[in-house]
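4 protein chains.
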Amino acid sequence: MNAPVDPQFAARIRDSFSRQKAMGLIGARLSLVEPGHVEVELPFRDDLTQQKGFVHGGILGMIADTACGYAAFSLMPAGCSLVTVEYKINILSPARGSLVARGTVIRPGRTLTVARAEVYARDGKHVASMQQTLMMLAGTPDTIE
Amino acid sequence: MNAPVDPQFAARIRDSFSRQKAMGLIGARLSLVEPGHVEVELPFRDDLTQQKGFVHGGILGMIADTACGYAAFSLMPAGCSLVTVEYKINILSPARGSLVARGTVIRPGRTLTVARAEVYARDGKHVASMQQTLMMLAGTPDTIE
Amino acid sequence: MNAPVDPQFAARIRDSFSRQKAMGLIGARLSLVEPGHVEVELPFRDDLTQQKGFVHGGILGMIADTACGYAAFSLMPAGCSLVTVEYKINILSPARGSLVARGTVIRPGRTLTVARAEVYARDGKHVASMQQTLMMLAGTPDTIE
Amino acid sequence: MNAPVDPQFAARIRDSFSRQKAMGLIGARLSLVEPGHVEVELPFRDDLTQQKGFVHGGILGMIADTACGYAAFSLMPAGCSLVTVEYKINILSPARGSLVARGTVIRPGRTLTVARAEVYARDGKHVASMQQTLMMLAGTPDTIE
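Chains as they are written, first to last, in the numbering used here: chain H, 29 to 173; chain U, 29 to 173; chain F, 29 to 173; chain X, 29 to 173.
If you're looking for bench data, these hints aren't it; they were derived computationally from the structure. Don't take each hint at face value.
[As the list claims (entries may be wrong)] Capping the alpha-carbon separation at 27 Å, the derived lysine-lysine pairs in DSSO-like fashion look like this: (1) F:Lys49 to X:Lys49; (2) U:Lys153 to H:Lys49; (3) X:Lys80 to F:Lys80; (4) U:Lys49 to H:Lys80.
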């Protein structure tokens, strides 16, 4: 397991997540915060679906993106912020129920961090896999400037 | 320009988009439907943002995903549906205003189609670039089964 | 572990690999063939490097691509062939020595399979991570047509 | 067109390319160097192929990676070097002849640059599309350290 440099990392992440209004819009919740590993839960709602009644692929991307981002953020020092550089997601199965996205850092770095997220359904079905690159912005606040 | 095999492609796409409840949730609108090219507009709203007040990276993915998907769908025959296999998006600039995602097919295929989307801000700033793979499901309805 | 549908999968893969002339060109070897998991070794050579003396990023892609492809192929029936649809690779560390690429299927499918590969250096350093999509072509020979 | 900050960019790139031994191994040549745009040609050779006689997908990645990288490098100042952070490539058509990879910067940046490459066959067939992220390392030599 990775050692966090900021002992207050969990409180910092919970505070940051609570300011992500887009997470509130879709009803996502932070369900686990550990060093280098963060989970985001998404209860099913009808207004999250695409035309065939499955959870929209972009919604899968939203929770996986957020899980990766906070997994990366957990290993960064206080007083910085981070941006998503890019991500790639494979949608493995259509999903019509509640989901969890599990983000894990695979390579922490001073500037760039690489993380992955797996999205699972309640019944254990593997729904999506993401690989993501994030960049730390040292000395910038994680708030609206 | 690509030739659509279904002359009713635009009506078929507008109908399908209207059934994407996730697009309604975020307030996205279909602003252009041409053969192999579809645009999705997203007026800015405060509840689409992440912790720094920028439009959430996953929201950028949602509109780019949808623009690519319908660009691909426009070249497919009536009576089929399609699924997103995977996508990759680079976030080029943080965005705090209204956006448009422009999806274009770069390789139509019988089974797989490859498309790209560019996301721009109102002021012309290039916000994100996506490359996506989609799969046609012949003889399956584009509705809730 | 995944169950192979073709009990002769290992012989089929070793034969196929031996016909990959590009693997011969770079000196890559098939070092492990299991159901859903294949490893490719690459002894270091000076003619595999880029301008700074590190193994070329495209060479990392070659061995990871091949490891993913044969991991997917190991779970497919005899008498088919497969094509790489797309892949995404993050380069995590520059590498100047011998490498191994470990490919693993994360989602086998009738048409599409998703696999990942990790590239490691001899000293255990994590060099690269790939996520890949492959498509099975039923009833087509895995040979020059 | 982008303005290069180093007027000697073309000589700098030609020198760097000539030190890429992996490009020599596969017989690739730098055929065009402009600000933000670089082309790499690859004459067909039998030892570049996979088991079905097509140019190996990893070889497509090599020339596209190199074309993107030097397109990015053309806009960077003298005295720096760059590394490939990640790339994603879709293989659009199997190819059995000579190829050209055309790399273009879509977003130059102080730290990160995003580029794309298209790979074409001699007959104009579109063979592959890459989207790539590169990182500039300021004040580091583009040579073996």
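Hints, verified against the model:
This hinted pair checks out: Lys49 of chain F and Lys49 of chain X have alpha carbons roughly 19 Å apart, not beyond 27 Å. Restraint check for Lys153 of chain U and Lys49 of chain H: satisfied, since their Cα atoms lie roughly 23 Å apart, inside the 27 Å limit. A distance of roughly 33 Å separates the Cα atoms of Lys80 of chain X and Lys80 of chain F; the hinted pair therefore is violated under the 27 Å criterion. Between Lys49 of chain U and Lys80 of chain H the alpha-carbon distance is near 10 Å, which keeps this suggested pair within the 27 Å criterion.
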